[in-house]
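S.K.: Sequence:
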Amino acid sequence: MTEDVLVANAGNLEIRLRLTPNVRIVSHGRKESKNQYAQMLQDTLENPIDFPSLMLAILEDDQIAIALEEGVPDGERIAAHLIEYLLQHGTRAENICLILAGRDGRSQKLAEAAIRHLSLPTIRIVCHDPNQIDSHAYVAASETADAIYVQRELVDADVVIPIYCARISECPYASDLFGISPSFTDTETQYRWSKAWLEDNITHLHQHEKLSQEAGWLVGIHFTIAVVPSLDGHVSEILAGKPQSVFERSTASLVNLGEEIYDLVIAVVDGSEEQQDWMSIARAASQAEILCRPEGRIVVCCNVKHTTRGIRDLASDAPTEEANRRLLQSHFPDSFPAAVLRTIRDHRTIYLLSSIQVAETEKLGLAYVQSADLIDHLMQQAERVCIIRGAQY
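Numbering follows this note's numbering, in which position 66 of the sequence shown is assigned residue number 695; successive positions increment by one, without gaps.
These are calculated hints, taken from the structure and not from any lab test.
There could be a bad hint or two in this list.
[To be verified] Within a straight-line C-alpha distance of at most 35 Å, the following computed DSBU-like cross-link-like pairs (lysine-lysine) qualify:
#1 LYS992 <-> LYS738
#2 LYS660 <-> LYS738
#3 LYS934 <-> LYS663
#4 LYS660 <-> LYS824
#5 LYS738 <-> LYS934
#6 LYS871 <-> LYS660
#7 LYS824 <-> LYS738
#8 LYS663 <-> LYS738
#9 LYS871 <-> LYS824
#10 LYS934 <-> LYS992
#11 LYS871 <-> LYS992
#12 LYS992 <-> LYS824
#13 LYS934 <-> LYS824
#14 LYS663 <-> LYS992
#15 LYS871 <-> LYS663
Whole structure, please, built from the sequences with the hints as guidance.
M.R.: Have a look at this one:
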């Protein structure tokens, strides 16, 4: 009798799990992946949702800013094809600026490689740094009179085209419907957003909506592009058009994971090496927690290879609320993912299968998983098991 086996890939880490009748596999993303990005973009840009064809809204001398959110599957390739489309339709290269949310330089290298691969002219690329307030422009004050600053190139541009990944609003650091908050705002705005998400989800959702309206409209964003992820961490659909309509259509296309709860939830961060980071781990653990019973256990499979200053703060034995407040105010890399993981770790065990060594993993308060054999062992002990594919969405 042939044994059913699930094979998944988190970056270059292959995961093989034996499947039994008590195992359910779920995913927010659609099953099929598509990689004809040039054709997919052309189709959606020329037939957008509740909006005229994109080039009808762009004048010859318009300065165009493309804002690429971090964590968009194959985002740099999609941005490069968008640039190619703009150039083919009369936009000059010097009028295009690509703004990247990633600060570690990895996104810039990928974007430059994608542009070279398509033999496109050199495009100005800016990496957003929320700590550099001089590179931001004031756009509004929040309901609590807190100033909101946005990356200056987005404020100064004639046309802004954000590219974001469709995620459910409960997912940590999910983009607003304009693709701007929190990724392209200043440090203090991101701090308030993160604190609200951690402390009160209702407050978070309210602020999520208000920041969208205030920052997005004042920046002048009337057109967005949403990338709908596939089960294996790539792309199933690209939608473009009116921000509200695109947001509703893209998030509605994500699969509802349901309300059943499980003894063991295994969250797999499917996709390329670029998606194997601590934010993906935090998102995966958060998604798993929703489906896990109070005494249950969570396993996250993500091929992260090193810790960062924010993540190393998980070794602190300070009370959670105090530690998270201090951590978020420090603005260390991966402060928010660390705060999310600390909050979940407080009341359940998180197992991690990654490239991090055992001593370093356990120092963070996470249980070390050496191989899929241990996951199989945990699955045998549990009555009800759920595997989440593409758990970072």
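S.K.: Against each hint, give a clear statement of whether it holds in the structure.
M.R.: How the hints compare with the structure:
1. Restraint check for LYS992 and LYS738: satisfied, since their Cα atoms lie roughly 32 Å apart, inside the 35 Å limit.
2. Of the supplied pair hints, the one linking LYS660 and LYS738 holds, its CA atoms being roughly 29 Å apart against a limit of 35 Å.
3. A hinted pair counts as satisfied when its Cα atoms are at most 35 Å apart, and LYS934 with LYS663 qualifies at roughly 28 Å.
4. Distance check on the hinted pair: LYS660 and LYS824 sit about 34 Å apart at the alpha-carbon level, within 35 Å; holds.
5. At roughly 19 Å between alpha-carbon atoms, LYS738 and LYS934 fall within 35 Å of each other, so this suggested pair holds.
6. A threshold of 35 Å between alpha carbons decides the hint, and for LYS871 with LYS660 the separation of about 26 Å falls inside it, so the pair holds.
7. Note on LYS824 and LYS738: the hinted pairing holds, with a Cα-Cα distance of about 31 Å set against a maximum of 35 Å.
8. Distance check on the hinted pair: LYS663 and LYS738 sit about 23 Å apart at the alpha-carbon level, within 35 Å; holds.
9. Note on LYS871 and LYS824: the hinted pairing holds, with a Cα-Cα distance of about 29 Å set against a maximum of 35 Å.
10. For the suggested pair LYS934 and LYS992, the alpha carbons sit about 15 Å apart, so the restraint of at most 35 Å is met.
11. Taken as a hint, the LYS871 and LYS992 pair is broken in the structure, with Cα atoms around 47 Å apart against an allowance of 35 Å.
12. For the given pair, LYS992 sits about 25 Å from LYS824 by alpha-carbon distance, which is consistent with the 35 Å threshold.
13. Restraint check: the Cα-Cα separation between LYS934 and LYS824 comes to about 27 Å, which is no more than 35 Å; the hinted pair holds.
14. For the hint pairing LYS663 with LYS992, the CA-to-CA distance comes to about 40 Å; that exceeds 35 Å, so the pair is violated.
15. Only pairs whose Cα atoms come within 35 Å are accepted, and LYS871 paired with LYS663 is accepted, the gap being roughly 23 Å.
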